[in-house]
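Line order of the protein sequences matches chains V, L, Z and E. Per the numbering used here, the first sequence starts with residue 83, numbered consecutively. Per the numbering used here, the second sequence starts with residue 83, numbered consecutively. Per the numbering used here, the third sequence starts with residue 71, numbered consecutively. Per the numbering used here, the fourth sequence starts with residue 71, numbered consecutively.
Just so you know, the hints here were simulated from the structure itself, not pulled from any lab data. Where a beta carbon is used, it is the ideal one built from N, C-alpha and C, also for glycine. Incorrect hints may have been included.
[What the hints assert, rightly or not] Residues from chain Z that face chain L, not an exhaustive set, calculated with beta carbons under 7 Å: (1) VAL312; (2) SER352; (3) GLN363; (4) GLY365; (5) ASP373; (6) ASN503.
Given next are the chains, with one letter for each unit.
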Amino acid sequence: MNVPKIDTKLTAKDFATDQDVRWCPGCGDYAILKAVQRTMPEIGVPKENMVFISGIGCAARFPYYMNTYGFHTIHGRAPAFATGLKLANPELDVWVVSGDGDALSIGGNHLLHILRRNVNLQFLLFNNEIYGLTKGQYSPTSRLGTRTPSTPQGSVDRPTNPCAFALGTGARFVGRSYDVGAKHLPEVLKRAHAHQGTGFVEILQNCIVYNDGVFGHITEKQVAGEAQLHVENGEPLIYGKDKDKGIRLNPKTLTLESVTLGRDGITEDDLLVHDETNPVLATLLAQMEPPHMPVAMGVLYDSPAPTYEAAVTGQVQAAMEKKPNATINELLHSGHTWTV
Amino acid sequence: MNVPKIDTKLTAKDFATDQDVRWCPGCGDYAILKAVQRTMPEIGVPKENMVFISGIGCAARFPYYMNTYGFHTIHGRAPAFATGLKLANPELDVWVVSGDGDALSIGGNHLLHILRRNVNLQFLLFNNEIYGLTKGQYSPTSRLGTRTPSTPQGSVDRPTNPCAFALGTGARFVGRSYDVGAKHLPEVLKRAHAHQGTGFVEILQNCIVYNDGVFGHITEKQVAGEAQLHVENGEPLIYGKDKDKGIRLNPKTLTLESVTLGRDGITEDDLLVHDETNPVLATLLAQMEPPHMPVAMGVLYDSPAPTYEAAVTGQVQAAMEKKPNATINELLHSGHTWTV
Amino acid sequence: MSTPLLKEDQSRPSAPREERDSVVVRFAGDSGDGMQLTGSQFSQATALAGNDLATFPDFPAEIRAPVGTTYGVSAFQINFGATSIETSGDAPDVLVALNPAALAVNIKRLRKGGLVLLDSGSFTERNIRQAGFSQDPRQDNSLGGYQVLEIDISQRVLEVARPLGLSQKDALRCKNMWVLGLVYWMYDREPQQTLDWLAAKFAKVPEVAEANIAALKAGHAYGETMELSGEMRGYRVPAREVKPGAYRLITGAQALAWGLVAGCKLAELRMTFCSYPITPSSPLLHILSGLKQYGVVTFQAEDEIAAACAAIGASYAGSMGITASSGPGLALKTEAIGLAFGAELPLVVVDTQRGGPSTGLPTKTEQSDLYLAVWGRNADAPLPVIASHGPGDCFEAAIEAVRLAAKYMTPVMLLSDGYIANAAEPWLIPDMNDIAPFPVTFHTDPEDFSPFRRDQDTLARNWAIPGTPGLEHRIGGIERDYDTGHISYEPANHQKMTDVRAAKVNGIANDIPEQSFTEGGPGAALTVVGWGSTYGPIRQAVAALRAEGEDVAHLHVRHIWPLPRNLGSLLEGTGRVLVPEMNSGQFATLLRSQYLVPAESLSKVTGQPFTIAELKDAIRARLGGGA
Amino acid sequence: MSTPLLKEDQSRPSAPREERDSVVVRFAGDSGDGMQLTGSQFSQATALAGNDLATFPDFPAEIRAPVGTTYGVSAFQINFGATSIETSGDAPDVLVALNPAALAVNIKRLRKGGLVLLDSGSFTERNIRQAGFSQDPRQDNSLGGYQVLEIDISQRVLEVARPLGLSQKDALRCKNMWVLGLVYWMYDREPQQTLDWLAAKFAKVPEVAEANIAALKAGHAYGETMELSGEMRGYRVPAREVKPGAYRLITGAQALAWGLVAGCKLAELRMTFCSYPITPSSPLLHILSGLKQYGVVTFQAEDEIAAACAAIGASYAGSMGITASSGPGLALKTEAIGLAFGAELPLVVVDTQRGGPSTGLPTKTEQSDLYLAVWGRNADAPLPVIASHGPGDCFEAAIEAVRLAAKYMTPVMLLSDGYIANAAEPWLIPDMNDIAPFPVTFHTDPEDFSPFRRDQDTLARNWAIPGTPGLEHRIGGIERDYDTGHISYEPANHQKMTDVRAAKVNGIANDIPEQSFTEGGPGAALTVVGWGSTYGPIRQAVAALRAEGEDVAHLHVRHIWPLPRNLGSLLEGTGRVLVPEMNSGQFATLLRSQYLVPAESLSKVTGQPFTIAELKDAIRARLGGGA
Ligand SMILES: Cc1ncc(C[n+]2csc(CCOP(=O)(O)OP(=O)(O)O)c2C)c(N)n1
Ligand SMILES: Cc1ncc(C[n+]2csc(CCOP(=O)(O)OP(=O)(O)O)c2C)c(N)n1
Ligand code: SF4
Ligand code: SF4
Ligand SMILES: [Mg+2]
Ligand SMILES: [Mg+2]
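Take these sequences, add in the hints, and give me the full structure.
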């Protein structure tokens, strides 16, 4: 979104509403809310130009807690509402907030199409790998074997990787962060916002009630260094709490490998350098998974393309300029008429 | 699908129905129908175990012309009907026939989920890059700038690549062929059928009325040699009517390049060798496009994984074996009861 | 009616033409024969000749079925006359059949004694068989009772067109113009505008233009010659006296699309039209996609749900969100419409009804989505429902839908059908300056703001749109507090909100015209109550019977919900009530439930409009045997 | 009723207990306080004590709202007695409030003079404020008119549990068992089974088991002590005389799930249950997912549309396809249901209704999807609609739905609601051997086969499933030829098919029980007509008024469509007709439309069931002022 930056002195507090936040105590959504509220003032868009759109789910309650415009719609359809909103007023700064069920189960088709069209907005997918609001059934991102009320013997369908899915649809910005990434998340949000087109951000989120700790092996302080790779454009792919590990390409198998710097004579030069504009690299990064690989965090892909609403309204604008004072009476009299 | 092969002496004719085929004269669907009818006897599944399921569209009329079981359902939902069918009777050999609108516009979400779940059936996507049945509006695969009744100034949304989309969702078999590929198409169909899980096949199809010639630069006899690369597992990626061109990887940019054998000292050894089990290679191949690259035809990806219905019915079977004679009366008396 | 273009005085000095009050012609041929073009050219010429008219394009379901098949037959029917024409005609007087299949499909419609005009050149054995005839229908008694005029049109067209350099195939494609020329001669229509149109249409392929023009002229000349030889006769259908003004032909789809544009203009709102293609709704999307110069934004969504949601999103942003579909698509939109109802956002939902259930008969007409429109939502969610009654009327109905949606902050259902959408009629072009605007004022005052504060009169809530400083607020589908609009699970509040939403919609009854009689008045022995596209045939039938002295009246209802506030009293004071509908009695159910009147359903579910004759018979039967 | 576990003779030799005919207790506390568990334990003990009972779990909408908030309050109400209990009780006699928020939310429900039992330990300033009280309600007059019993339960629990090694937080989680012990004492219930249950539940954390057991015993002992000191009294609610047999407690969701399994067994069909989670429908998916040993296949689809389509696909394959949802989800299924109707495939669609419109009040109950069930499809698509009237009745209703779907090759709507689904009642366990099976026979004979050949009696078409040699055929949503089943656009065929589909469904009226009166008989001054979960309160209200001598009768309708064939005549012979519904009058509309009876709607849309008292008042008002 490129709404003109305005010098405001808003603070995080200005973005809080007077409504009690009703998530379960300890829910990862609180941390995300804080991060978003802290990020908004830095973005410099007037509050009244911001709109938060959501579907249904715990995550989807988000708009009630943001003192901007907000629309809590129906399950899975937030991208479609957002598209209409942007077509009607491209100047608005729109943020879609969705859960893994909302975005990838009932709403997968709308997500595909908003990404394909590249509507200029931010899409935040709170991935807790579970249906929180309906009390804990498995979701399209739940791992194989997840036991839930609807899968008492364990789930049998392979999960979808949200970032890989987004890239497969042709998304032009794909980022990943996590609920307790108090510093990391705002940076990714700002990048998504700066991107012209749909800024898709997966946020790993802990559901303390129905899926507690499912990302513990990635986000817990003790393991984060080894389990996460924070990508930076133009920088080699290095990770590890001692920054001693890296990622290199095996060009034969077209796969990524984790290597230790210094071991077997491996140096930084052997590592892949992150290129945000490379979709294949982004796909490979998106698919890295523990235990053998770290999880890639940050901006995996950013390659702007024309936005949908700009193109649509551009055609309308051009037509209006070509016929500046078209009246309805003219329309009614167009083509064959006769007078009695 | 692995229905036991039975020695039948069926011919293509046995698979034709007594209904007049109602596509427009010259429609690519005729050629596909012929190819499918010719392939069926070779597959060796008894006719009565075959079911063709479709949504709505010109392509979706297909079941009426196959003398098997058939269900012409509603727009976009064929994968969901097929999933229920397979859950109820995993022995059936199910073929879904869909169009680019049916599969990727209204039905994108069901396609995502059938691929993710890996339901054991064949999914044929007749891609004519247009809505045929509703008289020629653009579709999610129409190229940028396509002029149709709903886009008189040209379409502005970037098309989705069906094979790349399928790979992004986690599909385990992705093939591509074309309507007039009288020899090529049956081979790909047989491979899809042999695959355990969802065999996704994109078939480029000419709509002579609303999008005539849109694949001419790929499928016309004169250009096919240069415009198509027929991939074969384990073979180097060579194409050209003189078999003088090949594909190599640029490991720096992670992109594919077309090279000429013999020029600049390039030999077959420099070329990539097709590996059907490599998803990254499949994605790169799926995305090759004219004019600079040939279109990849054949089995781009084939990497079997457990099928959904086998896992589901496996759990049911196991539970039934554990409690072999569970009666409803027992169920009704389970837990706390008391007698008056 | 007299138009400057009507050149009666220029008609050729040959035998005086017999006068006809009205005539029904049906053009039928293969999908590739161009029957729709032929029909619309004839309609234009007929309109210019000052006749009233109504058309009925009868497309095949297939895009372009194999040549010569019955399911590939395309037909176009036109009823035109010197009097008020409100239906496309019960039975054709003239059937043009360009191949055996066209004859097979349409012959049963022809009135006894009518004229069938055949292209004998197309009666090959193969074509005859493909049409389903066991033998040549011209040889057995199949055509007994009709006048048959066999002309080898194919041959004549080849003779005219081949010398101009056309291939056999291209030459034969001029058959329709040859026939048009002949029919122009028969009814004394002026061919010039068609000649001009051909020249323009085929400007880039002059030999094709020339061939078509030559074919048309040849057909015309053939008529003259045959008349001289006494084998054919020409007719005169005098112009109709009508209100002076500028006229045009208009289809329902066109009028509806333009009405939406006009309505938004009157409301001073931008329009965001979101739709997913479906027969017979798609023409709205096509027409509106070509009106960008009026600021119309169109969005071909990925499906009907997305279309409805995008339209609601657009309304939330302060535009008029409009979505359009047909039965199966409308079914998909129901959940989203419920949200627009609950969040109280304006939305116009256009349903161009078609034959059902399920996929049903996509290219045939029906009125069977009334239940879905009125009652098809989860929970208590009453909406205004408006039905247009004919092509031109769609314009006004669409304006009314936009007006109510904006004024009452509510989704509005606007019903059309496959017949109305495709049929054309002459239309007295309204002057926008004569239509009172109803500009929307967005709420902008932060003082004491709540998004759910209501207007005392309309009970509509505030419309405060994103971008307005100080009015930041959240809305959604969970029940909202009556005062603040925040989420509320309070039992009493839910009752209050349910009540006020219903009261708001019911209140619209005070903002719409009272019901009046189309024909007759209160207290008739039988009152025929109709809605939607049955208007024409019912009115004609009732008028005819009244002229015969029958005690019958006609009420035509445009506002299906809320019903006009005086409708109940009009019905209570009446005798029997008969409700003809192209469904299984849906409006009859509604009337019975609201007024406890013993409304009797007259149901027709064939995908075809009522004929005047069958309505007259039904009415007569109920009046005790007829006059 | 006397059960082997009822140990009246073992009651302590202290003061004789006062006898009560029925009692309503409401347990209320924070989401984390375990009120639902407490309530269901009390229900079990009460059932074992031989009382009739009905429960009403009243969940918060939030999963686990912040501690101490009003929207985090969870409550469980139970009505139990020595007589027939059919509602969860108008107003509690006893309210247990474990924190100020629970008091704030629930106090208004308590009957005047009722007992409120408070945990004074939770009345901290912060909690009081968070509950929305401006001052301590115990200090001002807020609780005037009630008996208030303040006990520092928190403190007492800490004293019991801390020594066992529990943290303060864990210790406080035993509050519910302390209260349960006290209430057990008050109503002389046997605690043993709860003690056993606690031991089993916390087998892996013995200190927690011990602490809970100790808390329960301490609460029980507290009662005894207080009684001795005269500050509390115990009651006796005698057992009810009931039909002998094996009983259990059952919720509506459980009975419905089991009924579906039983129905499929009786039909000799595999069940394929396809659903997408939604409140309050999800428990069906959960229960059935645990019944794999009965061959039940469950499928959590990607959305409601896929769920409906998968179920239809399963039926096509020869299984019984079942899909379940609530309002918003049902709205999404309408297009697919239309296909099942058109293709004439069996399908059971369960709708557990909730508050609407749109997302509405997901955790509250309503009956407002009747319009959607009966009329919510594009085009003419009538379906059988069955409504269950209470928890146990769901079992029979589900069997009936499966029977009709299989026998008539049609989708069937089965309506339940949020109240029925979650409420529990004692249920006389039926013996499957007493229920007549209705096995399905698939068609297998290729001789002269057509998929649309119909049974002469039922008008149901053949069910021929894939895998059957020689019966290969194609079906779909486009209109089908009456004889062959092939696609047909023929006008007359469409009429014939529309008629036969309607006739088939209407014919079901001959295959369902005739309507009978629940209370009273024909010709009453006022007949109350109900459906669904209003059964209990209406029956109680009408029975009570009849006992008072009022001329009122009760008709309860299970088959909403087609209606019982004699219902019309029963209604015509009656005085006023009153239709209480938890919606804006939907069934009243249906009755009016069908029978032209002036059925009057008594509407309640608060998300709460009717109380007996409000029904009695409404009936009395219509009878002219009451006895
Ligand atoms: C049409 C419809 N179907 C189903 C539901 C029930 N429902 C609400 S939220 C939800 C899924 C929530 O999961 P997710 O999107 O992952 O969000 P979370 O609660 O985990 O944040 C479901 C199934 C609904 N409200 N509407
Ligand atoms: C619910 C619904 N929406 C829309 C339609 C109209 N419709 C039928 S087919 C179709 C698209 C066809 O395109 P495609 O899937 O590409 O098939 P093709 O005709 O090109 O083979 C549409 C929009 C419908 N029948 N049902
Ligand atoms: S259920 Fe899970 S996701 Fe939802 S609010 Fe509670 S902790 Fe958060
Ligand atoms: S419209 Fe196109 S896709 Fe459809 S039948 Fe005709 S040629 Fe084929
Ligand atoms: Mg989730
Ligand atoms: Mg297509």
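For each hint, the structure was consulted:
Interface restraint check: VAL312 (chain Z) against chain L, minimum CB-CB distance 33 Å, threshold 7 Å, status violated. The beta carbon of SER352 (chain Z) comes within 6 Å of a beta carbon in chain L, closer than 7 Å, and the hint placing it at the interface holds. Contact between GLN363 (chain Z) and chain L, as hinted, is not supported at the beta carbon level, the nearest pair being about 11 Å apart and thus beyond 7 Å. Annotation: interface hint on GLY365 (chain Z) violated; nearest CB of chain L at approximately 15 Å, more than 7 Å.
With a cut of 7 Å, the hint placing ASP373 (chain Z) at the interface with chain L holds, because the nearest CB-to-CB distance is about 4 Å. With a least beta-carbon distance of about 29 Å to chain L, the hint placing ASN503 (chain Z) at the interface is violated under the 7 Å criterion.
In this structure, the hints that do not hold are numbers 1, 3, 4 and 6, in rising order.
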